[in-house]
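Enquirer: Residues per chain are reported as follows:
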Amino acid sequence: MAPSSPSNTGSQPTSTTENDIQPFFVLHKASPRRKDRTSVWQGKCRKRNELSPSRSAKKLKLSTADDCDGHLDQKLQIETFEIVWTKIESTIKDVLRDLNDSVFSNIQQWIVECFRTTTLIGEPSIAEATRSFPLLNNTTPGKLNSAFVISRNIEFVDDVLTFEELGLFLKSHGCHVAMLSSMEFSLKNGIAGCLKALLRGFLGSAFDPADISTLASWYREQGNYNKPLVLIINDLERCCGSVLTDFILMLSEWVVKVPIILVFGVATTVDAPRNIFPSHALECLCPSTFMLVTPAERMDAIVEAVLVKHCTTFNIGHKVAQLLRNYFINQDGTVTSFIRALKVACLLHFSMEPLSLIQGRILADDQEGTSGLSPETMLKYMDELPLYARNKMVDQTKKSMAEGLSELATVQKLWSTVVLCLYEAGKYSRVQLLDLFCEALNHVLSPSRDSVCHTRDDKDHGLSAINDSSQQYSIMQSGGFICQIVRRVRDLPSGKLEQLIESWDKLTADISEIHEKLKILQSSVRCQDEQSAHRSSKDTERSVSRVSVDIDKDSRMSNLQAVTFLDDLVRNYLRPIEGMPFHEIFCFKNVEKLQLVLIGDPRRRIQVDLLEFHNILRCSCCNKSSNALLPSMHDSSIMYSLAQEHGDLINLHDWFQSFRTIVLQLTNKRKQKSKQTPLPKKRKDMNGSGDQNEAAIQARFCRGVTELQITGLVRMPSKRRPDFVQRIAFGL
Amino acid sequence: MGDNGNWEEEEEEEDELEFSRNYFLAKELASSVKKSKHKLTDIDVVDEQELREAAMNIQPKHENEIALLLDSYIAMYPEWLLSLRCGFALLMYGFGSKKALIEDFASQTLTEYSVVVINGYLQTINLKQVVIAVAELLCDQVKAKRRVSSRQQPFNTQSMEDLLTFLYEVEVEDNDCFVCVVIHNIDGPGLRDSETQQYLARLASCTHIRIVASIDHVNAPLFWDKNMAHTQFNWCWYHVPTFSPYKVEGMFYPLILAHGSASQSVKTAAIVLQSLTPNAQSVFKVLAEYQLSHPEEGMPINDLYSVCRERFLVSSQVTLNSHLTEFKDHELVKTKRHSDGQDCLHIPLTTEALQKVLLEIS
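Chains as they are written, first to last, in full-length UniProt numbering: chain A, 1 to 732; chain B, 1 to 362.
The shape of chain A in the complex, shown without the other chains (with noise of 0.2 Å):
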């Protein structure tokens, strides 16, 4: 092997092979750092280098002062991801909590209701509750208070935070909180393992013989009783009945000691509990139900935070968000995956693109929230940019630079004001946030306006590929969501139409230039209602019909005018980021490789892998355009090959003199053309040295079984039908 790959590196052989056989060893531990991580690093790169003296010379370089500088500016693009994604984060908890807000305060108003009815019925006196046997009072039948909070949504991992949530919020309004989950209540927990997570919940300990009875003397301690127990189960669904069942029952007979509130997370419908339960375990509980938020609006909420009004923050370009939107409503359809992504985004964001350090720096800056962005600002930004970073701005005046940053600060919030003005409008005909973002970020079909803008950063500023799209683009015509939205405010009712156009005056009050223009929409608008009004009264005596053909008339002119309004908005500043200089700085765009980090798709990959090892080697000995398997190609491969030529059951007796065929093939051509002896057909017909061929071959046959076995693509032959493996994997 080379000096350099990894495989020789690292460890020494013989602890190797002893570490192989080790269930888990501990590699190595952690070098004690330095207060100064520079010097850390400095220090390490010196020393890797003398100890390294073998190496080649690609990787020597590679741990020079490359390296070094790596590693530093490795650390500061850890610090601004974290800025940036923490900022990022933190809108997103304050719009999900926003949307549970006013669930989770009827909830409490709920419990504090139920806690005030047991308390009424009174509490046992200390030698009654620590009985070791619950209290039975045919008086008060044991009802368990139960809410049911419908989340509306299959996708469970979606609500694990929701319930998270609640619990703290609960826990901040004064209640005893405890959380279980589905895995507790399984069938091989029991309800021993129940009651022990139970008293894990409640008292944060473990206790061995779990018994609830030791439950119910801690919430008679002092201090504990005047506060309600509320036990969180947030999957029902996913729990084992009969296990669930068993542990309602029980609580249900200690109700009266321990007043507990039980609320479950409900994924499907309200009939969910009744399909779980037996009729006998559904009297004990005393139902209320509470709804949550759907995923879609969720997504909405979110979308609109992060991605529209915070788009200076952070930003996709359209194919990004094009990938995350199938990948949410064709795939994966969680919430939690669709942040996630924007995660890996932001990550990728940092560690590509150099430029973008820049971000960490004005967000630090923002804290205050001045969100004004300066040429001088940013010039002070650029100058405190690593190395690497400011290379890259060679060829640019920095001046022109740091203006053509702060213009696209403003023309981002140009955008993302127009987008939220459709968004508004787009309630009235239900456009999704998402679509709509997707197809605002569309700068294909975005219009060349404000072409002296235009031109002139062409010039000045090469960092930017331009669009420089002619068609004229009417939104109208477009047949996208934008237009779909257009269309609806052209037929909208005036009252709703007044509405809306409130929510847009809301919206634009603090972007003057639209506003100016909105006011313009309002006057008109008014003066035409004014019109109507005097005209109705006026002409009283006229026919009705006729009256209402006027209003009506009227009114289609206001809509036409808010139709004429949006029309300008869309034309003039829905500008996408794409193109715009300098948006790679903001925006994210490499979508093939957020795809590779995001979704592994080991399935099709690694038996490409096989088909076309060829396309990662690059090795000349098997670069033949033809299809034919060569003998110098992957064992692995060629078998894998071979197999596609087998149904779902290979015939192992097939496959190898097949395989040995193939392999046999160079030997063949070579005796052919020193004219020997012909190609002998039987083992027993070879020399010595074939006799070890052969051994050879079958033990590289047997290998190729094992490591397809190990990548799960065949199975191993069953008893039952000993000649044959079978295939898992059909077309890629």
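What the hints contain is simulated information worked out from the structure, not anything from laboratory work. These numbers come from a predicted model, not from an experiment. Any given hint could turn out to be false.
Claimed, not checked - Here are the simulated distance ranges between beta carbons:
#: 1; chain 1: A; residue 1: T564; chain 2: B; residue 2: N175; range: 49 to 55 Å
#: 2; chain 1: A; residue 1: L611; chain 2: B; residue 2: T268; range: 30 to 36 Å
#: 3; chain 1: B; residue 1: E169; chain 2: A; residue 2: S242; range: 31 to 37 Å
#: 4; chain 1: B; residue 1: R192; chain 2: A; residue 2: M291; range: 35 to 41 Å
Quick reminder that beta carbons are idealized off the backbone N, C-alpha and C, glycines included.
Following the hints, complete the assembly by docking chain B onto the known chain A.
Expert: Then chain B, alone, in the frame of chain A:
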């Protein structure tokens, strides 16, 4: 066709599986040639010893290209490190053993962090021991940074729940302080059950733990539900085919041509025997000793009975028969008719394998 009935039986079996099969493949099968009737035994297999030797000395192909390929991944180390430091976990996949690559990455770039390696390709792994080791390392790492009061309870007496809670809640000021857990073959036989995967996912979700794992099985992602994959593991996928041979990973797979799958391996025989009573084991030893000294012939049942009685291993023929039934059920013993018409017992293992089994159970 002499074995027609046999084939019908096979086809019935196929029908059972039909629904789960790829539709198009089924169509293709119906129209294509009839299934081959060649037997595995038709292959003229070399001596097993020779085969194993040859398997140890397979000439590697494309050595230089593979070395270059591995070298090309060095350029990705900073990116991987960045992902880890930003809180993601790495999941390496692609054809070829990734063991050397990952360990090289860990020892080159993760020097500031403690690294624990789990060899998931092994059959049994005690995850609790791993978690204890991780907790100890993290504690050391924290202590090195600031003085903390030593824990009142040693880790090895705590339950898995407590350990995970400790790891989850441990407070470290520095965000960039973590223990890296390298898991070779997180889809391996020792880690495949759902409970273990749940524990690993919970381990991965701890703030100061980072996972670098590799998978080889094409269906490995099916282990994880969305919560595990997206929020707990938080994978960044990296496609790193290496084409390096699966040397250690394949160690525990039987060679398909070595006696087929019918023969008992030493390991399984030893495992079965260890689960039996000491008396049963001793009966087996008697039989084994006889076979070692008389390799050609089997042991007559009567002889076995008398030896066993002499050694007070069995009291009656019935007891011996019950032991023998147990052995036969596990294919540890086979009966064959001797030339003189007597039933003889023999163990279907080679002399060498038998010696190993005896060593294992003694």
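Enquirer: Evaluate each hint against the coordinates.
Expert: How the hints compare with the structure:
1. T564(A) <-> N175(B): 49 to 55 Å: 53 Å, holds
2. L611(A) <-> T268(B): 30 to 36 Å: 35 Å, holds
3. E169(B) <-> S242(A): 31 to 37 Å: Check passed, 33 Å falls within 31 to 37 Å.
4. R192(B) <-> M291(A): 35 to 41 Å: At 40 Å between Cβs, range holds.
The structure shown violates none of the earlier numbered hints.
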